[in-house]
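Here are the chains, one letter per residue:
Protein chains: 2
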Amino acid sequence: MSLLVVGTVAFDAIETPFGKVDRITGGSGNYICHSARHFTNKMQLVSVIGDDFDTNELKYLQSVGTDTDGIQVKEGEKSFFWSGKYHLDLNRRDTLATDLNVLADFDPVLPEKFKSSEFLILGNIDPALQSKVIDQMKERPKLIAMDTMNFWMDIALDALEAVLQKVDLLIVNEEEARQLSKEYSLVKAAEVIRKKGPKYLIIKKGEHGALLFHGNKVFFAPALPLEDVFDPTGAGDTFAGGFMGYLANTKDLSFENMKRGVIYGSAMASFCVEKFGPQRLKELTRQEIEDRVQVFISLVDFDIILKD
Amino acid sequence: MSLLVVGTVAFDAIETPFGKVDRITGGSGNYICHSARHFTNKMQLVSVIGDDFDTNELKYLQSVGTDTDGIQVKEGEKSFFWSGKYHLDLNRRDTLATDLNVLADFDPVLPEKFKSSEFLILGNIDPALQSKVIDQMKERPKLIAMDTMNFWMDIALDALEAVLQKVDLLIVNEEEARQLSKEYSLVKAAEVIRKKGPKYLIIKKGEHGALLFHGNKVFFAPALPLEDVFDPTGAGDTFAGGFMGYLANTKDLSFENMKRGVIYGSAMASFCVEKFGPQRLKELTRQEIEDRVQVFISLVDFDIILKD
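Sequences listed follow chains A and B, in order. Each residue of the first sequence is one higher than the last, beginning at 0 in numbering that gives the first Met the number 0. Each residue of the second sequence is one higher than the last, beginning at 0 in numbering that gives the first Met the number 0.
What the hints contain is simulated information worked out from the structure, not anything from laboratory work. Here a beta-carbon is modelled for each residue, glycine too, at the ideal position from N, C-alpha and C. A portion of the hints provided could be inaccurate.
What the hints assert, rightly or not - One-sided and incomplete, this derived list gives chain A residues near chain B with beta-carbon spacing under 7 Å:
no.	residue
1	Phe150
2	Met152
3	Ile154
4	Tyr183
5	Ser184
6	His207
Said to hold, decoys possible - Footprint (simulated), chain B over chain A, 3 or more residues, beta carbon under 8 Å:
no.	region
7	217-225
8	241-250
Could you put together the complete structure from these sequences and hints?
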């Protein structure tokens with residue numbers, strides 16, 4: 000089934016303790032497609048770029064199954080640019096530049112053929128725009144997922160609360176879950192957030208794994224203990240892309256299958272951090288993904304038979 | 000099989016955002032026995048107390064299967080006293096007082112009947128004393144486990160390195176593993192630490208679970224996402240006590256069984272934090288433990304069948 004992706008397509012400049020790149024493609028929409036394409040070749044991408052964007056990169060996205068007709072190209076303007084420098088522990092980073100450029104007046108318009116997509120993932124953009132995308136759909140997708148960030152909680156909480164009422168799944172990190180819910184305990188935070196709308200909630204804990212909440216059920220997916228993290232940029236979007244791509248491909252929205260999606264998403268994120276930008280995701284094979292999932296299986300596998 | 004426990008038996012004063020107690024029993028040896036007794040009734044405790052210690056508490060330890068003949072009682076002296084105040088997030092605490100008292104010149108002497116114990120757990124004390132305990136054993140135990148802390152890495156690194164060569168298993172937290180190995184990545188840290196002696200390593204990640212390393216195998220045990228943590232004091236020792244108690248009871252040192260031990264230890268720690276001090280461990284039933292382990296099983300359970 001088709002997966003509609005709305006998010007940024009951008010250039011990043013990244014410095015980590017292991018090296019730096021001055022210009023590599025980034026953006027939430029870009030990472031989501033780079034990850035989801037390993038599971039589905041029916042992606043539709045809505046975004047905005049300047050005329051400086053690399054046409055080969057667009058061709059690449061098309062070649063792996065992305066319909067890019069929803070990408071607006073602004074002549075004479077520059078693509079969104081983000082620059083950041085990671086600290087030695089890679090858990091903290093300083094943003095050096097956020098040049099919105101074409102993103103400043105982004106107005107997502109869905110091509111007619113995108114309006115019946117069965118799966119929708121809204122990358123981290125202005126919640127008012129996320130709402131606007133949902134409102135353009137002809138039929139309600141089977142699953143609407145969204146990402147957001149602290150920034151929108153600070154400056155656009157009403158719009159954020161409004162879009163939360165329209166989605167099925169929110170994907171945030173620990174810090175964001177705590178700010179949105181005003182609760183420190185993630186169990187309590189999950190309860191508060193799900194009362195705002197989304198039936199499903201994924202809380203990403205970075206190197207500590209991810210939690211999936213639904214009803215009174217909780218699933219915990221570990222993160223792989225990695226020898227080296229090279230560049231964490233895009234890991235969250237890569238997780239979301241793997242998760243949604245897996246669901247769109249398997250067409251099964253049971254909690255059991257969502258757990259599998261979380262594992263595949265986690266596996267994809269563990270690859271993403273191995274090289275700069277989406278580089279590792281480009282060269283990745285299906286066999287490598289299956290092997291990595293096997294590592295996840297072994298990592299948490301134990302066998303206790305309880306007496307009744 | 001018998002489990003020899005060496006560690007402190009003390010009084011704690013604890014303040015958390017949820018309340019305070021001025022005087023409750025604590026100490027690593029105390030918590031380990033309170034936890035391990037749910038799995039074995041063949042414990043031997045080596046420690047030191049003043050004549051101010053609560054005799055009812057000693058009687059309680061005896062009643063649940065602890066041979067307390069290795070506890071030295073110093074007449075006219077005071078028991079070890081620790082006082083701490085936890086921050087709102089409960090991950091950080093300020094130590095308000097550390098009165099060593101009887102602990103200042105603790106010289107662990109093993110009663111003859113303790114010297115053939117099959118399992119030995121060395122709580123966090125001076126590494127020179129940990130060595131001294133091992134050297135008193137008549138036969139080498141089947142498993143020697145030890146805890147330690149940053150403090151000993153700072154002031155007694157040589158003694159710590161010496162005892163590490165004599166043990167099978169080191170149990171430390173993330174921060175301690177990083178300081179001891181001088182590596183940030185826990186995978187690399189585990190490699191460095193195991194070259195120092197211990198074949199097995201457990202890295203506790205608090206609310207994020209625990210990792211067990213052996214050979215080229217890694218096991219990840221989640222922590223339970225808890226609604227409320229009331230008092231984290233003693234959670235690490237409770238984990239160690241549950242782990243060692245489970246192994247001493249099952250007498251099986253395979254990696255598969257150690258993984259089960261980590262899950263039981265994690266379950267015990269999740270109970271410990273529900274009330275002040277070892278209170279919750281006192282009232283705990285076997286059925287509650289099995290039910291909690293079932294929650295751990297469900298938490299990480301997923302089902303992916305990979306194609307060959």
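Query raised in the report: Which numbered hints does this structure break?
Result: Numbers 1, 2, 3, 8, in rising order.
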